[in-house]
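Chains as they are written, first to last, in our numbering: chain A, 3 to 465; chain B, 3 to 465.
Since the hints were made in silico from the structure, they are not lab data. The model shown is predicted, which means the values in this text are computed figures rather than measured ones. Heads up, a few of these hints could be off.
If chains are identical, the list can't say which one is meant, so a pair holds when it fits in one copy or spans any two.
Straight-line Cα separation of at most 20 angstroms, SDA-like style, residue types lysine to any residue; simulated pairs [said to hold, decoys possible]:
no.: 1; residue 1: Lys113; residue 2: Asn124
no.: 2; residue 1: Lys113; residue 2: Arg123
no.: 3; residue 1: Lys291; residue 2: Gly153
no.: 4; residue 1: Lys291; residue 2: Ser28
no.: 5; residue 1: Lys113; residue 2: Tyr132
no.: 6; residue 1: Lys356; residue 2: Arg147
no.: 7; residue 1: Lys113; residue 2: Leu358
no.: 8; residue 1: Lys227; residue 2: Gly26
no.: 9; residue 1: Lys252; residue 2: Gly293
no.: 10; residue 1: Lys227; residue 2: Gln387
no.: 11; residue 1: Lys291; residue 2: Arg318
no.: 12; residue 1: Lys232; residue 2: Asp13
Protein chains: 2
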Amino acid sequence: MISDEILKIGDKLPSVRMFSDKYGVSMGTAFQAYYHLEAKGLIEARPKSGYYVRFNMRRMPGLPEIADPEPVQSNVSVQEMIATVYRNISSDDLVNFSISAPPLSLLPAAKLKKSMLHALRNSRNQGILYEDIQGNPELRRQLARHSYSWGGKFAAGDVIVTAGCMEALVMCLKAVTRPGDTVAIENPTFFGIFQVIESLGLKALEIPTDPVTGIEPSQLAAAIKKFPIKACVFVPTFSNPLGSCMPDNKKEELVRLITRHRIPLIEDDIYGEMFFGPHRPRTCKSFDKEGWVMYCNSLSKSLAPGYRIGWTIPGRFTEQVLLTKLMHTVTGTTLTQDAAAHFLGIGRYDYHLKKLRKALHTQSLRYLQGIMTWFPPDTKVSRPQGGFVLWIELPRQLDAYRLYQQAFRRQVAVAPGQLFSARGQFGNCIRLSYARPWDAEVEEALKTLGSLIKEGARTRRPS
Amino acid sequence: MISDEILKIGDKLPSVRMFSDKYGVSMGTAFQAYYHLEAKGLIEARPKSGYYVRFNMRRMPGLPEIADPEPVQSNVSVQEMIATVYRNISSDDLVNFSISAPPLSLLPAAKLKKSMLHALRNSRNQGILYEDIQGNPELRRQLARHSYSWGGKFAAGDVIVTAGCMEALVMCLKAVTRPGDTVAIENPTFFGIFQVIESLGLKALEIPTDPVTGIEPSQLAAAIKKFPIKACVFVPTFSNPLGSCMPDNKKEELVRLITRHRIPLIEDDIYGEMFFGPHRPRTCKSFDKEGWVMYCNSLSKSLAPGYRIGWTIPGRFTEQVLLTKLMHTVTGTTLTQDAAAHFLGIGRYDYHLKKLRKALHTQSLRYLQGIMTWFPPDTKVSRPQGGFVLWIELPRQLDAYRLYQQAFRRQVAVAPGQLFSARGQFGNCIRLSYARPWDAEVEEALKTLGSLIKEGARTRRPS
Numbered sequence: 003m004i005s006d007e008i009l010k011i012g013d014k015l016p017s018v019r020m021f022s023d024k025y026g027v028s029m030g031t032a033f034q035a036y037y038h039l040e041a042k043g044l045i046e047a048r049p050k051s052g053y054y055v056r057f058n059m060r061r062m063p064g065l066p067e068i069a070d071p072e073p074v075q076s077n078v079s080v081q082e083m084i085a086t087v088y089r090n091i092s093s094d095d096l097v098n099f100s101i102s103a104p105p106l107s108l109l110p111a112a113k114l115k116k117s118m119l120h121a122l123r124n125s126r127n128q129g130i131l132y133e134d135i136q137g138n139p140e141l142r143r144q145l146a147r148h149s150y151s152w153g154g155k156f157a158a159g160d161v162i163v164t165a166g167c168m169e170a171l172v173m174c175l176k177a178v179t180r181p182g183d184t185v186a187i188e189n190p191t192f193f194g195i196f197q198v199i200e201s202l203g204l205k206a207l208e209i210p211t212d213p214v215t216g217i218e219p220s221q222l223a224a225a226i227k228k229f230p231i232k233a234c235v236f237v238p239t240f241s242n243p244l245g246s247c248m249p250d251n252k253k254e255e256l257v258r259l260i261t262r263h264r265i266p267l268i269e270d271d272i273y274g275e276m277f278f279g280p281h282r283p284r285t286c287k288s289f290d291k292e293g294w295v296m297y298c299n300s301l302s303k304s305l306a307p308g309y310r311i312g313w314t315i316p317g318r319f320t321e322q323v324l325l326t327k328l329m330h331t332v333t334g335t336t337l338t339q340d341a342a343a344h345f346l347g348i349g350r351y352d353y354h355l356k357k358l359r360k361a362l363h364t365q366s367l368r369y370l371q372g373i374m375t376w377f378p379p380d381t382k383v384s385r386p387q388g389g390f391v392l393w394i395e396l397p398r399q400l401d402a403y404r405l406y407q408q409a410f411r412r413q414v415a416v417a418p419g420q421l422f423s424a425r426g427q428f429g430n431c432i433r434l435s436y437a438r439p440w441d442a443e444v445e446e447a448l449k450t451l452g453s454l455i456k457e458g459a460r461t462r463r464p465s
Numbered sequence: 003m004i005s006d007e008i009l010k011i012g013d014k015l016p017s018v019r020m021f022s023d024k025y026g027v028s029m030g031t032a033f034q035a036y037y038h039l040e041a042k043g044l045i046e047a048r049p050k051s052g053y054y055v056r057f058n059m060r061r062m063p064g065l066p067e068i069a070d071p072e073p074v075q076s077n078v079s080v081q082e083m084i085a086t087v088y089r090n091i092s093s094d095d096l097v098n099f100s101i102s103a104p105p106l107s108l109l110p111a112a113k114l115k116k117s118m119l120h121a122l123r124n125s126r127n128q129g130i131l132y133e134d135i136q137g138n139p140e141l142r143r144q145l146a147r148h149s150y151s152w153g154g155k156f157a158a159g160d161v162i163v164t165a166g167c168m169e170a171l172v173m174c175l176k177a178v179t180r181p182g183d184t185v186a187i188e189n190p191t192f193f194g195i196f197q198v199i200e201s202l203g204l205k206a207l208e209i210p211t212d213p214v215t216g217i218e219p220s221q222l223a224a225a226i227k228k229f230p231i232k233a234c235v236f237v238p239t240f241s242n243p244l245g246s247c248m249p250d251n252k253k254e255e256l257v258r259l260i261t262r263h264r265i266p267l268i269e270d271d272i273y274g275e276m277f278f279g280p281h282r283p284r285t286c287k288s289f290d291k292e293g294w295v296m297y298c299n300s301l302s303k304s305l306a307p308g309y310r311i312g313w314t315i316p317g318r319f320t321e322q323v324l325l326t327k328l329m330h331t332v333t334g335t336t337l338t339q340d341a342a343a344h345f346l347g348i349g350r351y352d353y354h355l356k357k358l359r360k361a362l363h364t365q366s367l368r369y370l371q372g373i374m375t376w377f378p379p380d381t382k383v384s385r386p387q388g389g390f391v392l393w394i395e396l397p398r399q400l401d402a403y404r405l406y407q408q409a410f411r412r413q414v415a416v417a418p419g420q421l422f423s424a425r426g427q428f429g430n431c432i433r434l435s436y437a438r439p440w441d442a443e444v445e446e447a448l449k450t451l452g453s454l455i456k457e458g459a460r461t462r463r464p465s
């Protein structure tokens, strides 16, 4: 009703009792519904008065444009910017919107500790000896089982455990490329991806990405005709930073395309579990019949970054990935794999993910509302259906790296857009994480950002 | 007295009481001394008779030759041999001499468990969140402190924690080379080293190595003149498989040489703590004044392989190594670093190392004795002063890989010499680990090996 504008902002809602009578639901259910809307910032309770409409999803800011801007000259290299932004980010006074990962308060620390104690008590050899090179067999069984939720049908033998998702990506890349090869990536994309591609002596080819539907297979097809692409590294579900999610039919089309051209697709699905809709989006891997998709994921964004557990299902390249893993880091940590296997095995991971998704969805709407309130009216914002981040396009004349510096002096950190392209594009964009639960400090920080942006928009960028 | 042949094999020793009287030591001390010699297999007790000389260190077999044999044609690639030897090595029935690492019985499992519980109770955030990218600060402090034993003077800031020694080597190599570069390695050397060099798109240049004194700096100097060497990866202390240890003056000379040529030396010191002599051998790093030595080590051979803790002190390349680490695996496991920091901090590591060294020394002599007894008389054996392995040169006509296959069928595993050279040299050598404490099964297994070798030596190798 709110999004259809039957109820407008400021309108009073029917009381909980009236709602309960009208729809034939119990008072408890009605109250739950109102409470839920309130948590998301859609309605607000005014003391001794009732609930009022606060927010209309339809009145959303514009979407960022499909990306292909020319980079702006800068004295600072992308490399240096990344180093600056992610150095000393652990200050307690900092309101840090630059990290795309959940804070401790959204993670099940106490429950995980129990699983670790269980592992310590029951682990063969107290977890001292090398784990199976492919990874703890029980953990691999649990991860294979977990893939059912996105349409996967795998066995423990298909899974290789890695030290986080980055290692999974690196091992997959190493298994299918040689130095000098060209690898297609999204633009914008997570800087870790193009950094590691460079570090492996590979060339990154940036494919423009739609802020809602992600990679357009026909654009990739055109690029394949022009360039000798040897592999793709995409984040098809809730890309970072755009938050785009490829629809099922596009994913299927993409897999057909890369299969026809025999180009391995490394699918980074690290945000796939953090969906806000009713269903887990399918993965490209779920459409993969001939093993050309190398699926990668980890527990670092969803459960325990410090456990260093990622995994890959590399299809026809399983042997090569395993060999590369053996050569580079031998095997993973024994105890944390054991603990994670226990945590997943008793169903706690599924339960935790439900809570995490709900919290993130609520926070995403709250943050969006804050941005609409305190940022300039022509601000454009992505509309992620999952993940941790908003991608915000600011007035053209704004330099996001300068904004980062100004905000940092006021104890607020964002990720400037330049970090997300090898060529330093997106100088007027920022990525803002809503991972931190809403509180007064977040509110203050967003206000600060808003006023800095408004100020910056009034002065021209030095050219 | 035994080695000077004052007492010959089979001679009766003075009784414990006589020994005690003669040398003015207590009966207890005298008994301890005899017990110690017995444990090492130098003397034996005969019931109701006394102690007899069993073994003379001087009567050692010949040393393996300085290595530069031509490779023998083989239908099996080195890669395939490695995969075969290290697949399915976990059978409980196997007497496995192919692993250069301590068995659980030589590791302090219960004490480590206590440190892990301590970590779990006291870790910030229960060890769930990312560790400092450079590694746990307290662990780095302990590792820096530990370097005093080999002449190092470092602070926590000089150390980078990695996922085991292999990752340390890989990160160092990546920091100082580009694909196509040439890297000098020992010949023979641990296959992991030339495998990873190939996997990084680098070229391995094999430098012949003396079985006692390791790399000869003048030989490296000659190679530097002929080839564009961009880095060296050596194991100067107890090399694998030769067990050679460069004398201090050679180490110093080597460091001067690489410093003059500005060639980074990646020093793999993974066996450095397992010395049998009175003192910890110095490292190349201890002679390094200008930061060209990149020191690498780990706890995997000495404490807990499954903890995945290694470290590097990369000198002038610290920034580059840190960046590479961040890009490839982000950071290490939080909890195991915490536990290791505690274990080292309370002095348990030093105590454990003492016991481990003593056990390995005793075992090395016992195994050597077994080889002298059951292998053909012209067998040549290395004389390691530390580490886990013996390098054994068999009669020329023997094919070590065939011997491996025959032995494996009889539940005994050795590492055939071909694994230790990129070109499949050393086809008549085997590496034999004495990590497993001596028992009846070991004795049987060595007898089996001996008879297989005698058999093989009688038949000519098919050519």
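Against the structure, the hints come out as follows:
In the homo-oligomer, the alpha carbons of Lys113 and Asn124 lie at most 20 angstroms apart both inside one protomer (17 angstroms) and across protomers (16 angstroms), since each shortest distance falls under that limit. Proximity of Lys113 to Arg123 under the C-alpha cut-off of 20 angstroms is found in both arrangements, the shortest distances being 16 angstroms within a copy and 14 angstroms between copies. For the homomeric pair Lys291 and Gly153, the shortest alpha-carbon distance inside one copy (12 angstroms) is at most 20 angstroms, but the shortest distance between copies (58 angstroms) is not. Within a single copy, Lys291 and Ser28 get their C-alpha atoms no closer than 48 angstroms, and across copies no closer than 78 angstroms, so neither meets the 20 angstroms cut-off.
Taking identical chains as interchangeable, the C-alpha atoms of Lys113 and Tyr132 lie at most 20 angstroms apart only when they sit on different chains, with a minimum of 18 angstroms there against 25 angstroms within one chain. In the homo-oligomer, the alpha carbons of Lys356 and Arg147 lie at most 20 angstroms apart inside one protomer (17 angstroms), although the nearest pairing across protomers, at 46 angstroms, exceeds that limit. Proximity of Lys113 and Leu358 under a CA criterion of 20 angstroms is satisfied intra-copy only: 14 angstroms inside one chain copy versus 37 angstroms between copies. Taking the shortest Cα distances, Lys227 and Gly26 never come within 20 angstroms of each other, neither inside one copy (60 angstroms) nor across copies (90 angstroms).
Taking identical chains as interchangeable, the C-alpha atoms of Lys252 and Gly293 lie at most 20 angstroms apart only when both belong to the same chain, with a minimum of 18 angstroms there against 53 angstroms between chains. Taking identical chains as interchangeable, the C-alpha atoms of Lys227 and Gln387 are never at most 20 angstroms apart, the minima being 32 angstroms within one chain and 61 angstroms between chains. Within a single copy, Lys291 and Arg318 get their C-alpha atoms as close as 10 angstroms, which meets the 20 angstroms cut-off; across copies the closest is 49 angstroms, which misses it. Taking the closest pair of Cα atoms, Lys232 and Asp13 never come within 20 angstroms of each other, the shortest separation being 57 angstroms inside a single copy and 73 angstroms across copies.
Of the numbered hints listed earlier, those contradicted by the structure are 4, 8, 10, 12.
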